[in-house]
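Participant: Start from chain G and add chain R with the ligand according to the hints.
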Amino acid sequence: MSQKRDAAIVGIHEYPERDVEGLVSPMQIKAESAARALEDAGLNWSDVDAIYDSGDGGGMSGLTISEYFGLKPSVIDTTAVGGSSFEYHAGHAKRDIAAGKANVALLTYGSTAHSNARAIGVGGRGFGGTHPADNMDVFAGMTLIANYALVAQRHMHEYGTTSEQLAEISIATRCHAMRNPEAVQAMHDLEFLDIRETTIGDVVNSRLIADPLHLLECCMISDGGGAVVIASPEVARDCKKPPVWILGSGEATKYPENGGDITTSAAIQSGPSAFGEAGVSASEMDIAMIYDSFSITVLALLEDLGFCKKGEGGSWVKGGRLRFDRPNDGPALNTDGGGLSSNHPGMRGIFLLLEATRQLRGESHSQVENAKLAVAHGNGGMLGSRHCAGTIILGSD
Amino acid sequence: MKEIKRPLPRVNELDTKDFWTATKQNEFRYQQCDSCATVIFYPRRHCTGCTSGKLQWKVSAGKGTVYTYSVVRQSYHPFFRTVAPYTVAWIDLDEGPRILSNVIGISADEVSIGLRVQIEWEEHEELHIPLFKPA
Ligand SMILES: [Zn+2]
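Going line by line, the protein sequences match chains G and R.
Going by the numbering used here, 464 is the number at position 146 of the first sequence; the sequence numbering is gapless.
Going by the numbering used here, 180 is the number at position 58 of the second sequence; the sequence numbering is gapless.
Bound-form chain R, shown alone:
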């Protein structure tokens, strides 16, 4: 029987391509405007804070805090139904970006808002996925 895999991002999507390419080196990149200092995430080609700035890539240290979470107990997705219950969470990285991911390495019932977490990369052929485990 064919193994059902986690759905993955498209590596050739033009706004997010550089982000996903860098994950192969276990780098979590985000953008900051060199003119107005706005942190941009998800990645884009323009600054949303001003019309003139250039965006610079920065690398996050990969540490953050659970902003909110839910334990998903029912999913119709062929992959996620096999891993339920699992935790989806918005994670606030210390540098500013907020990312939706999973909290792993801890029982779903022990996850809490404010929990300190760090990236645990899940390796795939074309890219790595930033999941989060307790720091």
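So here's chain G without its partners, still in its complex pose:
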């Protein structure tokens, strides 16, 4: 196996608050997180020569963010592909560093989706843009969750997947959330009614929002953000924390096509690209940080990434297989508590990188012993219609 170690995650920070109404702005969350992540790495603002941003700074985000942070980067990348942006950014940072264009890359995210009562998660409308495609379905009353429910319904029809199987994803994630003090605090701050480990019965008996998806299969809507610092091997060597290497990356798109298969996501294309570059396979992963906007998102993505065959996800996840304390059964899923139970301010992709890094450093609240390899997969846009996929493979020394 010839793995390239071109770039490593050397600094991370997850903004701890989930409800900052009127007190903190998205830009402040970004800057605070950036400073803490640089400290985590033992670096300073002046070390940063590349910034990556998904548009938090508005129309000319790269410029706005540079000025706000007080940086004069030689690389700017403002790829904006929703929740998968940060996996794209990590892949691009690796590429830019390997090409000698940068030494220290800074990725940041800040959002006050909860305070703005933004329509995501259970509340999402999902449509209403100005694209010609939107002009064809604006009349149908699609909601964001219905978009994902359309995938779940077809998955159940084709493969016999059940609500009880989908619930496994919700309860494994909640199990991990209950071990993460920030996630527990988040659920309190966001006024979750019943903050405890859940059962399959709890999930399938929670109310239907868009058939076949129930309330406890939907992500939360929080405020929040974070930052990731990625550096060259030369810089990484002198950082405070052990490097977490970016071993592979993959990108792909998917949109509705006449006669297309809705149960298969863009991960079917981005996964092989990332695993191939890293020279590893899904079965070797200790940790799977998979974008959990809804239960079905994880099920479809696990299949597409190759953890099991298409259609077999339902039986594969059964029996608590995804829990952190079942390392012999495959990867631990979303050990921070996920978007379902810890943090989802609209674009969750950065948190996938953060928790994967914690695991490979040995810093998670649901630590998998001796975790060496992790996959972070972001899904940006909507699973049932149009989305981008970003896959990143991470490895410790």
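Certain hints may be false.
One side of the interface only, derived from the structure: several residues of chain G facing chain R at Cβ under 7 Å [what the hints assert, rightly or not]:
no.	residue
1	T461
2	L468
3	E515
4	L533
Label pairs and their computed distance ranges (CB to CB) [what the hints assert, rightly or not]:
no.	chain 1	residue 1	chain 2	residue 2	range
5	R	C172	G	E385	44 to 52 Å
6	R	L136	G	R514	51 to 59 Å
7	G	T448	R	T160	22 to 30 Å
If you're looking for bench data, these hints aren't it; they were derived computationally from the structure.
Using N, Cα and C, we set each Cβ at its ideal position, and we do this for glycine too.
Facilitator: Leaving out everything else, chain R with the ligand in the frame of chain G:
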């Protein structure tokens, strides 16, 4: 009190204008390339299958099959919250186009994948909306 109406497409959107104009005659149009036979839907001005073909308008017979659906029980939209629960579905028309619409004329709980459906036009001033009822 002002009646809250279904949100409607813009009839002057350049790619989809001809489609929506034809709905006033209860015609469901789609495009096919005269060179490579690719069916294009949603409407566009270029063929996605080849670079040289011209797109021809065809008219669908309006019959199709439910590919997948969801019963929406919660919506924050001022119109759709008043009609919930309602069914959104991807419909595969027999000629190839896949369209997102609502299945009507049947209780939401009776809709199923594979159900045969046909267009039921909902009339509005500037355009008609293709909804689907059991065939
Ligand atoms: Zn053509």
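Participant: Please go over all the hints and tell whether each is borne out by the structure.
Facilitator: Right, here's what the structure says about each hint:
no., hint, verdict
1, T461, "5 Å, holds"
2, L468, "5 Å, holds"
3, E515, "26 Å, violated"
4, L533, "9 Å, violated"
5, R/C172 with G/E385: 44 to 52 Å, "46 Å, holds"
6, R/L136 with G/R514: 51 to 59 Å, "54 Å, holds"
7, G/T448 with R/T160: 22 to 30 Å, "25 Å, holds"
When each numbered hint is compared with the structure, violations occur for hints 3, 4.
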